[in-house]
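According to mature numbering (1 follows the signal peptide of the UniProt record, and there is no 0), the sequence shown holds residues -23 to -1, 1 to 189 in order.
Because the hints were derived from the structure by calculation, they are not lab data. Treat each hint with caution, since some may be false.
EDC-like mimics (lysine to aspartate or glutamate), calculated; alpha carbons at most 20 Å apart, straight line [unchecked claim]:
hint: 1; residue 1: Lys178; residue 2: Asp136
hint: 2; residue 1: Lys178; residue 2: Asp126
hint: 3; residue 1: Lys135; residue 2: Asp1
hint: 4; residue 1: Lys178; residue 2: Asp96
hint: 5; residue 1: Lys178; residue 2: Asp49
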Amino acid sequence: MRLGGVSAVFAAVGMLAAGHATADTFVPLPDGHQAAPGATVTRTGEHAVISPSMAANGVGRVVWVSGTVTADVTHTPTVERPGPYSTPADMPGTNNSSTHGASQVNTGYIVGCQVSIGDSAITAGLSGNVSTNGGGLSGSAGIQLGPGDVKFVRVGFKDILRPGVYSVGYRDFEIEIQGCGGYAQARSYTVVEIIGDHYSKTTLYGAPFSIG
């Protein structure tokens, strides 16, 4: 059973999109796959379009990200009405599904200034210098980053109310970065949290890419 995906629609994809500068850079990104007990997570069609910030102040830039993530969930408790929601500051990258009584798939981006967001940084908890930043389905998010800062920007999520296939799709979700005078880097994340007697949390990271 496939349930309808959530999408954050912003603008047309690619270098010829309306409003994008001629200096835009198109970055194709590889698909990903992560299997775990109770859930299989895939990411397809991910890409980014990078532009200088319209503020033209030398410390800003903009990236439009697109992609589709899918969670194939084989077991989860059946839930009729989840909530209330919670996003604790000490659990970045997740909506902490266990607190609102429903399993969930959520996705977004880790963005850093003068930080290499590789596997070693993730294993080390991103050096403990992580804060959350609200994104959502509005189609855009603005973040302020200083040297060494890392922030999570959530793009979208979907509650998993019963076993099935769930997807979150987004197209040209805009992330505007200000305050970063050095290089900036980002990579996608997707978290599938299954609550109940057989609790599990599966995370799929995308490939890191430069935002200039």
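Hints, verified against the model:
no.	hint	result
1	Lys178 with Asp136	14 Å, holds
2	Lys178 with Asp126	25 Å, violated
3	Lys135 with Asp1	31 Å, violated
4	Lys178 with Asp96	18 Å, holds
5	Lys178 with Asp49	13 Å, holds
Hint check: violations occur at hints 2, 3; the rest are consistent with the structure.
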